[in-house]
Structure formats: C-alpha cells, structure tokens
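All chains, full assembly: derive it from the sequences and hints.
Order-wise, the sequence lines are chains A and B. Here the first sequence is numbered in my numbering, starting from 1 and rising by one per residue. Here the second sequence is numbered in my numbering, starting from 1 and rising by one per residue.
If you're looking for bench data, these hints aren't it; they were derived computationally from the structure.
Partner residues aside, some chain A positions facing chain B, computed with beta carbon under 7 angstroms:
hint: 1; residue: 42
hint: 2; residue: 43
hint: 3; residue: 45
hint: 4; residue: 48
hint: 5; residue: 56
hint: 6; residue: 99
hint: 7; residue: 106
hint: 8; residue: 107
hint: 9; residue: 108
EDC-like cross-link-like pairs, simulated, lysine to aspartate or glutamate; straight-line CA separation at most 20 angstroms:
hint: 10; chain 1: B; residue 1: 107; chain 2: B; residue 2: 39
hint: 11; chain 1: B; residue 1: 71; chain 2: B; residue 2: 31
hint: 12; chain 1: B; residue 1: 68; chain 2: B; residue 2: 49
hint: 13; chain 1: B; residue 1: 56; chain 2: A; residue 2: 100
hint: 14; chain 1: A; residue 1: 57; chain 2: B; residue 2: 101
hint: 15; chain 1: B; residue 1: 68; chain 2: B; residue 2: 31
Note that the Cβ used here is the ideal one computed from N, Cα and C, for glycine as well.
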Amino acid sequence: KAGVTQTPRYLIKTRGQQVTLSCSPISGHRSVSWYQQTPGQGLQFLFEYFSETQRNKGNFPGRFSGRQFSNSRSEMNVSTLELGDSALYLCASSRTLGGDYGYTFGSGTRLTVV
Amino acid sequence: GESVGLHLPTLSVQEGDNSIINCAYSNSASDYFIWYKQESGKGPQFIIDIRSNMDKRQGQRVTVLLNKTVKHLSLQIAATQPGDSAVYFCAENSPSGGGADGLTFGKGTHLIIQP
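Set out below in structure tokens:
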C-alpha cells in the first residue's frame, strides 16, 4: 500500500512569507502528526490531528498551525517565516490517536528560509 | 515533557559484527518505545517497537531490550550490513491526558559500517 506522501519535497521561502505543506496519510490512518527536524534540536513534535481536530500540540509558537480534512489529509502552515524555521518537516500517520500501533513517517519537506 | 537521550552520537562497527545502540529515557510513565532508522534524505523508518510490559522483542536481525528499572532501551543489530548505515533514533510514547503528546525522540546515533 502507498506510504505517507508529503508535498512538496523542497521549498525555498523568504523571511516574512508564509508556507503551506501537505501530507497524505496511509489509507485508513486517521491520525496525522507533524514534526520538525533540525540538526540542533533534533526531532520535535508540532501537533497531532485526528478526525479533523487538533488533539495535541507541542511547544511551538502560534505561527505554526495545521488542519486536517475529512479524508484525513493534513496541511501545515507556517506564517511570518523566520530563518530559524529552516528544517525538515515530517508528517507521520497512525491508525489511532496517540499512535498505539506506531507511526509511519513520510520523507519530509525540506524548507529553507532565506 | 521529559526527553529521551542516547549515549553515543556515532558508532562505528565492522561489517558482519553485531551492533548495540543504547538509549536512556527519563519518563517512567512511558509505555511504548519505538526504534527508527533514518537514512540520508529520507524520513524515519520503523524498525521495531516494544511495550512496557515486555523486556525483549525480536525481529529480523534486530532485538530491542527494555530495562524499566534503570530506564534503558537498547537496539541490537545482528551481522551488520552496509545497508544498516543510518542514524538510529529511539522514541518514547507516553500516555497523558487521555491522548498523547507525540513521540519524544532521542538525539540519534549515527551507525557507520566499516568494510
């Protein structure tokens, strides 16, 4: 079966702009989580969506937001981009809220802010 | 939440040898642990998981050991192959508030395979 699909793979944006990233989970998976990966901070949890509702949120500013659609696809938005937002953004899907059976990750979107 | 840490940033082993990657966690409430492998340019790939009611779990060439007394997790890879070269992360999942706060990842160990 198809894995977790993230688009686009690469993105270059200018400071102050906003960006939207997309994630299509594995068919049947209803939970979508987002993570930020940087060399300095490693992998950090952003938020988790389940049944179109944000269920959990990590310690990130309000500039980071997301949403989930009825088909479980999810988008993540970052407004007023800062240089420090340059990172690999990873989406992970799971059958259940909280990932009782594990999370499957996509290949990520590499965001560069200049 | 509390963080999960790894003991070594880099581990170099000879091809064919066994590899052991260690992880220390600090949240005693964590009840589910996962090892991921991340190759360059890719997302983390699930290797093996273990729940807190188990001490050991085996997969194909991999074994995960959990010691809840000292809050220690390890990943053993048998007969290491060149394709095992990657960064390995341990992650913990702790129940809280009826949901979850996402996975807490360690910093990662870069496994290098020497020919």
